[in-house]
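Undergrad: Chain by chain, the residues run as shown.
Number of protein chains: 2
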Amino acid sequence: MDHQDVPHLLAVLVALLIAAKVLGVIAQRLGQPSVVGELVAGILLGKSALGILDPTDPVIHDLAQLGVIVLLFEIGLQTNLRSLAKVGKAATVVAVIGVAVPFALGYVVCTVLGLSTVAAVVAGAALTATSIGISARTLSDLGQLATPEGQIVLGAAVIDDVIGLVILSVVSALAGGVAISVGGVTLTTMIAVGFIVVALMLGSLVVPPFFRLVERIEESGTLGIAGLAFAFLLSLLASLAGSATIIGAFAAGAILHSTPQRSRIEVSTTSLGHFFVPIFFVAAGASVELRSLGDLHVVGLGLALFAVGVLGKVAAGYGPVWLRVRKLLIGVAMIPRGEVGLIFAQMGLVTGALTTQLFSALTLMVLATTLITPPLLAYMVRSESHMSDTLEMAGAGGIDDLVSGASRKRD
Amino acid sequence: MDHQDVPHLLAVLVALLIAAKVLGVIAQRLGQPSVVGELVAGILLGKSALGILDPTDPVIHDLAQLGVIVLLFEIGLQTNLRSLAKVGKAATVVAVIGVAVPFALGYVVCTVLGLSTVAAVVAGAALTATSIGISARTLSDLGQLATPEGQIVLGAAVIDDVIGLVILSVVSALAGGVAISVGGVTLTTMIAVGFIVVALMLGSLVVPPFFRLVERIEESGTLGIAGLAFAFLLSLLASLAGSATIIGAFAAGAILHSTPQRSRIEVSTTSLGHFFVPIFFVAAGASVELRSLGDLHVVGLGLALFAVGVLGKVAAGYGPVWLRVRKLLIGVAMIPRGEVGLIFAQMGLVTGALTTQLFSALTLMVLATTLITPPLLAYMVRSESHMSDTLEMAGAGGIDDLVSGASRKRD
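Just so you know, the protein sequences line up as chains A and B, in that order. First residue of the first sequence: 1, per our numbering; consecutive thereafter. First residue of the second sequence: 1001, per our numbering; consecutive thereafter.
Simulated from the structure, these hints should not be mistaken for lab results. Mixed in with the good hints, there may be bad ones.
Derived CB-CB ranges, DEER-like [claimed, not checked]:
| id | chain 1 | residue 1 | chain 2 | residue 2 | range |
| --- | --- | --- | --- | --- | --- |
| 1 | A | R82 | B | V1267 | 56 to 66 Å |
| 2 | A | V198 | B | V1267 | 53 to 63 Å |
| 3 | A | L202 | B | L1296 | 47 to 57 Å |
| 4 | A | G114 | B | D1005 | 33 to 43 Å |
| 5 | B | D1005 | A | A307 | 37 to 47 Å |
Covered stretches of chain B (chain A as the covering partner; in silico rule of three or more C-beta atoms under 8 Å from a C-beta of chain A) [to be verified]:
| id | region |
| --- | --- |
| 6 | 1024-1038 |
| 7 | 1215-1225 |
| 8 | 1373-1381 |
Glycine included, each C-beta is placed from N, C-alpha and C at the ideal position.
Sequences are here, hints too, so could you generate the full structure?
TA: Here it is as structure tokens:
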């Protein structure tokens, strides 16, 4: 317990919070999600550039891990598991294709390039993710969240998150050195799925009466802290059950989603998230080796993974062949990998399954898919809206109305 | 960076948050401030009892330090430095006597008992504190905050906080091994006072336009994070200037107090505080050696310090001799040492100026002064109110009206 380490921690946190906020705001002004700015802030503060932030420092590492737990708890709080059933077939088809195709293509590309099986599996897994945060945020900014396409993307992203979390714990086990066997994979899958099922079932029985009780303690902040403690507890239980901590955090959020106390828990969690979540993304950025990005091999691999990642998700958009919807819009909206892709990559790096080179290539892929989507979606929606304005179809109802409505809102 | 440490940290945090909240609520139900429950939670989780919480663990230590910084930032945000001038002479007299008498008596008692000069100074300093949080909270619960006595206590507690913070940095320097000399003490005092003066002057020029700019970034959470980063920055600068981090945090809060953005910064800081602040108090409780409390010497020393601490603050209440106010009420309201007393004790323990025995005796004193005040104040106000009811003076205006008003509210 060095007495000098608190000033040092304060210096690091001041630099981190300011850089994350400034670059996050700049990113937003450029039409990008703020997570892009936070990643860039990490690259600047990390060992490749300024050397202020060491993501392997135990305190920073633990704060970053609390950050990703708080983030997944927030995502869970926003996830209505019952509405998944209603969004139905289309979302499921998009999600499944959007997981299977990028995983298969990514695995093949990595194997062809001579990487190990474990590395190829982790890289493939990182390609399966869809960032529900970035997709939902961008569609909402463009006024597209209420369209049929927006609803399908939202549903598919939620299912993708759940599938992704299951894949994450399977892959964690594999990357952690557990031998790859059908039995082992099945067991890990069953533990992960079983944990979610048991947590959700027990949770929806026990948790609502408990939180009704907590609500009667009128002292301010009690509900928020009870929610956070519940998220930490399920994260711990998930980890003890051989699954990933963030599965527990997500399940805790999803259980609390349907309680009447949700909105107040959400307000308090969001305040904590404003502090903790950027630490995760900046620390992730700080793990990027700029030197590896100067490596043509890394850039080539990153571009190959990027191409595969874009192709796989766009293909997924064409999954619901029986529907008359803007399938390209769905596919493009599924492209950003965001935080979940980074979680895979980070996990692979920490467990040693990925080399720094492959980690950097995956980060490049995540950065590129996250960067390209918002401007691409904005362009697609704007040109459609322009077309419908020209054809004087604005106000004709349905999707076109929603689109031109969105465009009017922007004027 | 052991991958296993995140589940362990989660387990510790779950135990800490639940124990702090449960015992805090029990304390409140028993008419005590929740900080008492948090201290008891720490004693239960610490090495003396369950052994779950190790306050010297680097991550817990740093989270606790962030907790006390967030707390002092909150206290600063609530402190209107301009109104100090208005509360005026009475509050200053109460504050100065309330610092001088307990310090002198505590120093004498410790020296007589054969303790070293540095230890006697730290113990004396710990006796000077008044917990603005506990005093203000208790008076407000009893409906006494708007009375003349309440205003004097509030003003004196604020001045006490500022004096206490200056004493803290002087004593930190001494405890840190800087030789005791009039020149050295003067220099440290001047650095501490100078830091506050420069920070407040520069701060009130530069900060309001800066936060007006920050406010124009409409993204939610920006003001809160900017406030927190400012608090961390001033904490760091205070530390670099040879003062204590919490002086910087307090100054940051006081500077932001008069900005129009204060209330929104306060909301966000309070949410963070609900998580971070209990970590400080529980970790402080976990540093208590129950074994030392079984030591008659420690209990005797603790009782002696407790007697001195009560006497000194009650004497301070009689300071404004020229006013017709309830002087005993003022004195009793100044008794609780709360967080500031613990900060001194913790600092003394960390720097090695205090033995575990003296630390435990000081903690006993802090616990006792903090525990005794709320029930004592409640008893005094109730019996006065009963008296005025008997004399049918309720509604006659002035102080008595306020008192019986408070009693009606409680019925």
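Undergrad: Would you mind marking each hint as holding or not holding in the structure?
TA: How the hints compare with the structure:
no.: 1; hint: A/R82 - B/V1267: 56 to 66 Å; in the structure: 32 Å, violated
no.: 2; hint: A/V198 - B/V1267: 53 to 63 Å; in the structure: 37 Å, violated
no.: 3; hint: A/L202 - B/L1296: 47 to 57 Å; in the structure: 50 Å, holds
no.: 4; hint: A/G114 - B/D1005: 33 to 43 Å; in the structure: 35 Å, holds
no.: 5; hint: B/D1005 - A/A307: 37 to 47 Å; in the structure: 38 Å, holds
no.: 6; hint: 1024-1038; in the structure: holds (count 4)
no.: 7; hint: 1215-1225; in the structure: holds (count 7)
no.: 8; hint: 1373-1381; in the structure: violated (count 0)
Of the numbered hints listed earlier, those contradicted by the structure are 1, 2, 8.
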